[in-house]
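If you read the protein sequences in the order shown, they are chains A and B. Numbered per the numbering used here, the first sequence spans residues 1 to 468. Numbered per the numbering used here, the second sequence spans residues 469 to 651.
It is worth saying that the hints were derived from the structure and are not from the lab. Nothing here was measured: the structure is a model prediction, and the numbers come from that model. Just so you know, even glycine gets a beta-carbon here, dropped at the ideal spot from N, CA and C. Wrong hints could be hidden among the right ones.
[Stated by the list, open to error] Examples of chain A residues lying across from chain B (beta carbon under 7 Å, computed): (1) 68; (2) 80; (3) 127; (4) 143; (5) 144; (6) 212; (7) 213; (8) 214; (9) 299; (10) 303; (11) 304; (12) 305; (13) 307; (14) 311; (15) 318; (16) 322.
[Said to hold, decoys possible] Listed next, the in silico DSBU-like pairs over lysine-lysine satisfying Cα-Cα at most 30 Å (straight line): (17) A:317 <-> B:561; (18) A:334 <-> A:176; (19) B:508 <-> A:133; (20) A:317 <-> B:536.
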Amino acid sequence: MRVIISILILLFFSGLKAQNKQLLYNVSALPQTLMSNPGANINFDGHIGIPFFSQISLAVGSSGVNMHDIFKTSNNQGINARITSTIQRLTNQDYFMVNEQLEIISLGWRLNKDNYLSAGVYQETDVFAYFPKDPMTLINEGNNDYINVPFDFGDVSFTGEVLNVYHLGLNKKINKKLTLGARLKLYSGIFNVESTDNSGTFTTRDTPNGPNYYGHYATGINVRVNTSGYSSLKDENTTVQEATKDLLKKSFFGGNFGMGIDLGASYRLDENFTVTGSIQDFGVMYQRADVENYLYYGTYETSGLEPLFPEVPAGGKAIPYWDIFEDEVDANLKDETVHESYITWRPLKINTSLQYGFGETVGPCNYLRPMRRRFENIMGIQLFGVMRPRGLKYAFTMFYDRKFSPDLRMKLTYTLDDFSYTNVGLLVSKKIKNFNLYLAADNLFGYFNLAKSQHQALQMGLQFIFIK
Amino acid sequence: MFLHAHFNKVLFLLLIFLGVTSCVKDVDLNQTKDISLQPKLQTDLLIFDVDENDFIDPETNRLRTVIKDTVRLEFLDDSYIQDDLDKVEFSFKYINTFPQSFDTSIYLLSENDNTQRRIDLKVQPGSQDSPKTTEIIDFVNTDEIDQIKRSIKMVVEITVLPNSEAFEGELQFQSKGLFYFVF
Chain A
1 MRVIISILIL LFFSGLKAQN KQLLYNVSAL PQTLMSNPGA NINFDGHIGI
51 PFFSQISLAV GSSGVNMHDI FKTSNNQGIN ARITSTIQRL TNQDYFMVNE
101 QLEIISLGWR LNKDNYLSAG VYQETDVFAY FPKDPMTLIN EGNNDYINVP
151 FDFGDVSFTG EVLNVYHLGL NKKINKKLTL GARLKLYSGI FNVESTDNSG
201 TFTTRDTPNG PNYYGHYATG INVRVNTSGY SSLKDENTTV QEATKDLLKK
251 SFFGGNFGMG IDLGASYRLD ENFTVTGSIQ DFGVMYQRAD VENYLYYGTY
301 ETSGLEPLFP EVPAGGKAIP YWDIFEDEVD ANLKDETVHE SYITWRPLKI
351 NTSLQYGFGE TVGPCNYLRP MRRRFENIMG IQLFGVMRPR GLKYAFTMFY
401 DRKFSPDLRM KLTYTLDDFS YTNVGLLVSK KIKNFNLYLA ADNLFGYFNL
451 AKSQHQALQM GLQFIFIK
Chain B
469 MFLHAHFNKV LFLLLIFLGV TSCVKDVDLN QTKDISLQPK LQTDLLIFDV
519 DENDFIDPET NRLRTVIKDT VRLEFLDDSY IQDDLDKVEF SFKYINTFPQ
569 SFDTSIYLLS ENDNTQRRID LKVQPGSQDS PKTTEIIDFV NTDEIDQIKR
619 SIKMVVEITV LPNSEAFEGE LQFQSKGLFY FVF
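Turn these sequences into a full structure, and let the hints guide you.
The structure is reproduced here in structure tokens:
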């Protein structure tokens, strides 16, 4: 038990990733900008990523707690008291999230002056869990201090998925002011788990009028955990080799497919101002293969077991009160495993920005490429949102994007979100001939002491970018 | 451009910044070994409500002065009790409207009916208008907890102490356990 708790706690603080890529949004020189806005203004004519290295994106987020809160050394309070006070402080709106993306293939080329086609494959892991406040309180403290207080199982809400995404996108300049883009995505699911829309309460009530000290009420319990790609993994007879092979097979032909679309636009308001917007992953997945659903539902109340004091002859059998009680519980609180297909929506993301460019530069003249005013400096604001089970989570960013030369660019961001008010990020993108290297890290102050940070994100990549 | 010319240094500095300044300070991960959950769970146990009819032998129609029953508490065998139970505080309450006293005993028995713990309580006489509540709290400390872990049955035995008053009334019983766990 202790090992499981330790692993859970460490997992919360070590592997968590988030997915706002404010540093890569609308960076016209980077192909990855097309992944967050297919309608971005771009200034390159072709790109090909180093397989598996064109984008490695990792990020971590915990809205209400950091490692230091739990493991700090400068406090007389014991660790268990700190865990208890942390659980008491967090709310059921606090959350933990993991997002990882790895571009396997990434390439693109200009079809003509106005159209740029891009395609690729990436693998994504996305995990999001609200803090299950009431169940955690019940497990950690029990019901003794919570008589007459319902424990709400609706607090359990999480999603997790591992999938491969095959995509093809077109960036199209409509006129001097407007650029539109769309990206079609085919999702191939490797693993999915979701448990949302749960309900039901467990309450221990004081019953001064009897029949016992308390009454225990499990009311309207309805908890469902859907999984795909999981039941075959837990087969104990499978060897590691078989499981690996199975996993690889699943990543390409998993049987759980979905379709989605990204849409984006950039519109130049005047000489200096540009407004952009995009939606990503407006998509649905059909979880049909290797599906297992775990259901817990029902209503039951009890005040204890009631002996009847029958006359039992010596050696006679007592009434099996416990068995009767268990049968009653089983009949009223069901625990079922079924195999039912289900549909999941990908976490929809929205991006929007307003930017102001100044310090004009002259780009190389090229009839193949759309003529576009270029600026050495761009300042602006961005708003990011991602749809989660209980609504959108937002991040607001102010940025300054500076082109030091055609080959060197930096973008500095300041982001306000659920994780911190001190998130300063930096992107550095450098070209050496056609070879491009970029590194983007947010919440730089967090690196001074990761234990106190509630959010870290890092993106990096190696690729070739061609400008004719 | 200065930055352009010194790109490698800039990148190097950024990496240094991320790599060298990124550290985990003022924390002691060895504390994980001290982590334990210590929930305190209140659970109802047995209840009953007997009247004079429950003291009549159904075969002979004569008064039984002693009635008893056994209830298996199968959860006492479960691993979370066997491995992680630290203390228990039992509460037993009788509410008596009989004008008679009762000697009551609660036994916790092992599978082989060996008594592991016994709680005796003399229930005071009451009346219809003024029920008498008699309560006892039995605290089982960590050093005695094996008595509970070895138990699987709870036996309730009630002996009426007849007197000159008419034998009419109700005897209610309530019981609960406050289980202290250390996971």
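* Violating hint indices (sorted, rising) -> 3, 9, 18
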